[in-house]
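Here is how the chains run, residue by residue.
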Amino acid sequence: MDTAARKEVFRYLFGKVVDPLGYKFTPDEELVDMLLEAEVKTELDTGAPYCPCQRRTKVRAEDMKIVCPCIPFHRRHFDAMRRCWCGLFVHKDVTDPSVLPQIPEDEI
Amino acid sequence: MSQDVVVYALSTCPWCKRAREWFTAQQVACEFINIDELPDQEGDAAADKAHELSGSHAFPVVVIDGSVVVGFRPERYADLLGIK
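Heads up: the sequence lines are chains Y and H, in that order. Going by numbering that gives the first Met the number 0, the first residue of the first sequence is number 0, and it counts up by one from there. Going by numbering that gives the first Met the number 0, the first residue of the second sequence is number 0, and it counts up by one from there.
Just so you know, the hints here were simulated from the structure itself, not pulled from any lab data. Certain hints may be false.
To be verified - Straight-line Cα separation of at most 16 Å, EDC-like style, residue types lysine to aspartate or glutamate; simulated pairs:
hint: 1; chain 1: Y; residue 1: Lys40; chain 2: Y; residue 2: Asp92
hint: 2; chain 1: H; residue 1: Lys16; chain 2: H; residue 2: Asp43
hint: 3; chain 1: Y; residue 1: Lys15; chain 2: Y; residue 2: Glu42
hint: 4; chain 1: Y; residue 1: Lys57; chain 2: H; residue 2: Asp43
hint: 5; chain 1: H; residue 1: Lys16; chain 2: H; residue 2: Asp39
hint: 6; chain 1: H; residue 1: Lys48; chain 2: H; residue 2: Glu30
hint: 7; chain 1: Y; residue 1: Lys40; chain 2: H; residue 2: Glu30
hint: 8; chain 1: Y; residue 1: Lys57; chain 2: H; residue 2: Asp47
hint: 9; chain 1: H; residue 1: Lys16; chain 2: Y; residue 2: Asp1
hint: 10; chain 1: Y; residue 1: Lys6; chain 2: H; residue 2: Asp43
hint: 11; chain 1: Y; residue 1: Lys57; chain 2: H; residue 2: Glu30
hint: 12; chain 1: H; residue 1: Lys16; chain 2: H; residue 2: Asp35
hint: 13; chain 1: Y; residue 1: Lys40; chain 2: H; residue 2: Asp35
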């Protein structure tokens, strides 16, 4: 499957997962495209679409917590930011994602 | 006076790129380390260092004169650099 087709699969599957969690894709289409492209590459390299902005630990149980969409594993943190760490998803009520900064979990 | 700025980054992370662009726009020299593009052992060592500094596996990790900022946070960077 080529990259564009895989990105569309991710769009469909991820959308189904995040919708009941109260999230949606960020309205920043350029960012969505960059992040999905990175996840397709990561999946090809490693076998899973890990978060493009978090480092794998090589401990499988820990690494599973950063497979996209990783919202369920970071609910308190992401709900407080109203976005996920990489910004692929935002709370459904967010219209301007540029005002949502990255805040580390220990500062929440 | 020049400041010591190091950015630990992942090549797949757009916020890491934005951090680099921000420092470039501010004409602040920084050491930019894409840890996933380093050879295995070197990359692991840099990742361990970033984790030791930040207590996290999230990127970017920015170190400004010893102060650690996790995430793309231009206001924090500016405060630490004394930029208004």
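Against the structure, the hints come out as follows:
As the CA atoms of Lys40 of chain Y and Asp92 of chain Y are separated by approximately 30 Å, the hinted pair breaks the 16 Å bound. A distance of roughly 20 Å separates the Cα atoms of Lys16 of chain H and Asp43 of chain H; the hinted pair therefore is violated under the 16 Å criterion. Between Lys15 of chain Y and Glu42 of chain Y the CA atoms are separated by roughly 19 Å; this puts the pair beyond 16 Å, and the hint is violated. Restraint check for Lys57 of chain Y and Asp43 of chain H: the C-alpha separation of about 10 Å stays at or below 16 Å, so the hint holds.
Restraint check for Lys16 of chain H and Asp39 of chain H: the C-alpha separation of about 22 Å exceeds 16 Å, so the hint is violated. For the proposed pair Lys48 of chain H and Glu30 of chain H, the alpha carbon gap of about 14 Å is at most 16 Å, so the pair holds. Among the hinted pairs, Lys40 of chain Y with Glu30 of chain H is inconsistent with the structure: their alpha-carbon atoms are about 26 Å apart, more than 16 Å. With a C-alpha separation of about 12 Å, the suggested pair Lys57 of chain Y and Asp47 of chain H falls inside the 16 Å cut-off, and the hint holds.
Taken as a hint, the Lys16 of chain H and Asp1 of chain Y pair is broken in the structure, with Cα atoms around 25 Å apart against an allowance of 16 Å. Only pairs whose Cα atoms come within 16 Å are accepted, and Lys6 of chain Y paired with Asp43 of chain H is rejected, the gap being roughly 29 Å. Distance restraint check for Lys57 of chain Y and Glu30 of chain H: the Cα-Cα separation of roughly 26 Å exceeds the 16 Å cut-off, and the hinted pair is therefore not satisfied. With a CA separation close to 14 Å, the supplied pair Lys16 of chain H and Asp35 of chain H stays within the 16 Å bound.
For the hint linking Lys40 of chain Y to Asp35 of chain H, the alpha-carbon distance of about 13 Å falls within 16 Å, and the restraint holds.
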